[in-house]
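Please build the complete structure, drawing on both the sequences and the hints.
Protein chains in written order, with the working numbering: chain A, 1 to 250; chain B, 1 to 255; chain C, 1 to 248.
Simulated from the structure, these hints should not be mistaken for lab results.
Positions of the beta carbon are idealized from the N, C-alpha and C atoms, including for glycine.
A few of these clues could be false.
[What the hints assert, rightly or not] The following residues of chain B were derived to be distant from chain A, with all beta-carbon distances above 12 Å:
1) ALA76
2) ALA107
3) ARG167
4) TYR169
5) GLU240
6) HIS249
7) THR250
8) TRP253
9) ARG254
[Unchecked claim] Chain B regions said to be covered by chain A (calculated; three or more residues, Cβ under 8 Å):
10) 19-25
11) 114-123
12) 220-228
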Amino acid sequence: MAPLSPAVTRWGLVAALLGLWELGGRTLVTDPRTALFLPLPSTIALAAAALARDGTLLAAIVRSAGRVAAGAGAAVLVGVPVGAVIATWPRLGAALDAPLRLVRPVPPVAWVPLTLLWFGVGERQQLAILAFAALLVVVAGTTDAVAGVPPALLSAARNLGERRLLLRVAVPAALPGVAAAVREGVGTAWFVLVAAEFVSASEGLGVLILEGRDLLEPARTFVGMGALAACGAVTDLALAALQRRWTRWT
Amino acid sequence: MSATERLAGAALGGRRLPGALGIAALLAAWALAAARWPPHVLPGPDVVLRTVLDERALLLHNAARTLWRVALGYGAAVGIGLPLAGLLAGSPLADRQVGSLLTLLRAIPPFAWTPILLLWLGIGDGSAAIIVFLGALFPIVRQARAGFAAVPPALLLAARNLGASPRIYWIDVVLPGAAPMVFSGLRLGWALAWMSVVAAELVGADGGLGQMILDARNLARPDLAIAGMVAIGALAAASEGLLTAAERHTLRWRP
Amino acid sequence: MSRDVTLAGVRHAFVEAGTGRRVDALAGIDLTIAAGELVAVVGPSGCGKTTILHLVAGMLTADAGEVRCGGTPVTGIGTDRVLVFQDGALFPWLTVLENITFGPRAQGRPLDPALLDALGLTGAEARYPKELSGGMRQRVALARALAVDPDVLLLDEPFGALDALSREQLQGVLEDAWLREGSGRARKTMILVTHSVEEAVRLADRVVVVSPRPAVVREVFVIDAPRPRDVTALGEVRRAIGRAVREG
Chain A
1 MAPLSPAVTR WGLVAALLGL WELGGRTLVT DPRTALFLPL PSTIALAAAA
51 LARDGTLLAA IVRSAGRVAA GAGAAVLVGV PVGAVIATWP RLGAALDAPL
101 RLVRPVPPVA WVPLTLLWFG VGERQQLAIL AFAALLVVVA GTTDAVAGVP
151 PALLSAARNL GERRLLLRVA VPAALPGVAA AVREGVGTAW FVLVAAEFVS
201 ASEGLGVLIL EGRDLLEPAR TFVGMGALAA CGAVTDLALA ALQRRWTRWT
Chain B
1 MSATERLAGA ALGGRRLPGA LGIAALLAAW ALAAARWPPH VLPGPDVVLR
51 TVLDERALLL HNAARTLWRV ALGYGAAVGI GLPLAGLLAG SPLADRQVGS
101 LLTLLRAIPP FAWTPILLLW LGIGDGSAAI IVFLGALFPI VRQARAGFAA
151 VPPALLLAAR NLGASPRIYW IDVVLPGAAP MVFSGLRLGW ALAWMSVVAA
201 ELVGADGGLG QMILDARNLA RPDLAIAGMV AIGALAAASE GLLTAAERHT
251 LRWRP
Chain C
1 MSRDVTLAGV RHAFVEAGTG RRVDALAGID LTIAAGELVA VVGPSGCGKT
51 TILHLVAGML TADAGEVRCG GTPVTGIGTD RVLVFQDGAL FPWLTVLENI
101 TFGPRAQGRP LDPALLDALG LTGAEARYPK ELSGGMRQRV ALARALAVDP
151 DVLLLDEPFG ALDALSREQL QGVLEDAWLR EGSGRARKTM ILVTHSVEEA
201 VRLADRVVVV SPRPAVVREV FVIDAPRPRD VTALGEVRRA IGRAVREG
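Right, here's the structure in full:
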């Protein structure tokens with residue numbers, strides 16, 4: 001048997017499933033109401049094209065991605081220094097770390113109702129919940145990364161007269177771990193975004209998904225889900241590439 | 001260590017004391033903030049404590065429901081995920097095909113499935129459990145698959161050389177060999193399972209701690225909401241502790 | 001009753017990881033090991049000695065040539081030809097006893113109670129491999145292999161990673177376990193791959209010198225001294241073997 005092209009071997013199953021879905025929907029299903037439950041791939045594709053054409057899709061993506069960027073950005077700005085501090089100064093670090101450890105088991109999503117109460121419906125609330133969720137992850141990851149810098153490395157640097165120890169040695173050594181923590185933080189933000197958007201129903205991909213249900217256009221829901229997945233994947237890939245570039249020496 | 005650090009260290013001693021001080025500082029800040037706001041916006045720690053005690057029946061009832069959903073979804077994720085990982089590790093073809101499918105599905109945040117699931121299944125344990133399943137499945141499969149692939153080949157050859165039957169091969173050799181990574185996947189999956197159940201309950205479940213928290217906000221009872229969050233946190237932490245203890249015992253042979 | 005092992009015209013190449021090149025490991029190995037014989041295979045590092053063992057064990061299939069055991073071609077892995085790996089390959093999650101009884105349990109047979117004692121492992125049954133020294137680990141590896149009573153025992157530099165004292169001890173343990181079974185064909189057939197000429201001369205009936213890659217059998221030395229051997233008295237043959245190895 002001639003070797004199959006790599007594309008077929010990777011995506012063959014997915015393509016086959018989509019094909020079955022389409023064909024099955026067209027031929028086997030006679031009740032038109034099923035289209036309300038499970039639209040055909042072709043319907044979804046058409047809906048996606050329509051939403052892209054009239055700009056709704058792009059607007060939703062920009063809105064949601066903007067929130068993730070803002071929330072994750074804030075989390076990184078605060079979280080990386082905090083994590084570094086926790087790892088570097090044991091006693092001060094323990095004082096900072098203990099309350100965080102106490103709060104961490106509570107899933108960030110559980111904070112949504114409280115944040116609604118305190119911030120009301122709006123961008124500030126969205127930002128708060130996303131930033132908080134990402135913060136916990138970034139701090140934890142950064143602490144591990146900085147704590148994981150081999151002490152021998154620091155001693156060696158000190159030996160060679162390197163005064164600004166933190167900057168010249170610890171930062172590059174911890175960079176891979178910190179980059180991974182940032183990636184995780186962004187991923188968590190995307191994870192929580194949907195819940196946040198659902199509950200407070202502001203604009204964005206979450207709203208798109210909900211609209212599909214409210215307007216009885218389930219294709220819209222699927223488009224929203226797909227766009228969400230794509231955005232999350234794209235940002236993760238981009239961050240992964242960035243991570244690789246910065247840590248080329250590992 | 002700098003001089004300041006050393007001095008502070010001498011003053012504070014160890015890590016327990018600073019940790020306790022940190023928590024005390026948090027509680028103090030909370031109490032102070034609560035004093036400036038009315039109790040229906042920000043109740044203080046004392047109010048929350050009272051609520052936890054007063055409403056423990058309600059808390060327990062909802063906790064049980066949430067736990068049930070988590071257990072259901074997580075159990076399914078383990079029951080399906082581990083054999084699936086075994087399949088992916090054993091068959092390169094399956095790995096590429098199914099792996100691609102999983103990569104696509106994994107990108108969709110589990111919670112995004114909620115409207116569809118609500119449409120198909122309505123509100124209830126089923127939808128929530130499926131969200132949990134979707135949340136926990138992917139880390140479990142990914143880590144288990146890596147674990148299976150990481151079993152040293154010499155051990156696999158030795159097992160076959162000594163006459164291991166397929167059953168012994170998989171259960172007494174491959175699974176223990178993969179156990180460290182499998183456990184890391186199990187822990188990650190458990191954390192995501194909790195996140196998913198709370199998210200699912202916020203939107204479409206009757207009963208459960210997540211819904212209770214949402215209701216509490218609607219009823220302007222933030223003390224109940226915080227009580228619920230404490231309950232979730234406690235449950236999640238305790239269960240994770242159990243999981244870690246089980247892991248340590250099972251992996252006691254690790255060098 | 002053990003069986004003989006023959007390799008006739010065996011060639012084998014493998015694809016080198018990383019470069020993807022095809023490397024000829026064995027370029028035509030002809031070797032006969034009689035039943036109950038202990039043969040040592042020596043040669044420079046990486047010359048394919050391990051490949052020979054894996055072929056006899058059935059873990060690899062030769063590109064060309066025949067590998068036979070007791071006259072029948074080797075078609076795969078079996079409990080009649082057990083390999084002892086270089087680092088023991090003990091199952092870290094099983095205790096010493098569980099490792100040793102792995103094979104018998106799989107076959108539904110009881111363990112020979114004298115085995116633990118013979119290898120000096122009494123008292124260590126409940127320990128995990130992580131708690132054992134290198135020498136102890138190799139004893140367990142040997143015991144595990146012997147527990148399934150194979151016809152052919154294949155040893156891949158089993159004592160290479162040990163300190164000199166442990167190595168000497170374990171060579172004695174191996175020899176005792178082998179001699180204990182009786183004489184001639186009652187003993188197991190053993191193929192011992194080693195980079196220590198001293199070890200080869202101490203233990204083997206014959207020493208086979210293999211050339212570097214692509215490997216062929218260079219020379220075979222017969223060691224006809226009574227056991228237990230005093231290796232210092234065998235200086236001449238040791239030097240001869242050393243020369244043969246160096247010259248490739």
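Do the hints match the structure? See the list:
At roughly 20 Å from the closest C-beta of chain A, the C-beta of B/ALA76 stays outside 12 Å, upholding its exclusion from the interface. Listed as a non-interface residue, B/ALA107 fails to keep its Cβ farther than 12 Å from every Cβ of chain A; the least gap is roughly 4 Å. Chain A leaves B/ARG167 outside its interface by the beta-carbon criterion, the shortest separation being 29 Å against a cut-off of 12 Å. Non-interface status of B/TYR169 relative to chain A is upheld: no Cβ of that chain comes within 12 Å, the nearest being about 27 Å off.
Distance check on B/GLU240: its Cβ comes as close as 7 Å (rounded) to a Cβ of chain A, failing to clear the 12 Å threshold; non-interface status is violated. Distance check for B/HIS249 against chain A: the nearest CB is about 22 Å away, which clears 12 Å, and the non-interface claim stands. Against the 12 Å criterion, B/THR250 stays outside the reach of chain A, whose nearest CB is about 22 Å from its own CB. For B/TRP253, the non-interface assignment is confirmed: its Cβ lies about 25 Å from the closest Cβ of chain A, beyond the 12 Å cut-off.
Interface exclusion of B/ARG254 from chain A stands, the closest Cβ pair being 19 Å apart, more than 12 Å. With 6 residues bearing a CB less than 8 Å from a CB of chain A, the stretch 19-25 of chain B meets the requirement of three and the coverage assertion stands. Counting residues of the stretch 114-123 of chain B whose CB lies closer than 8 Å to any CB of chain A gives 6, so the stated coverage by that chain holds, three being the minimum. For a cut-off of 8 Å, the count of residues in the stretch 220-228 of chain B with a CB near a CB of chain A stands at 5, and the three-residue condition holds.
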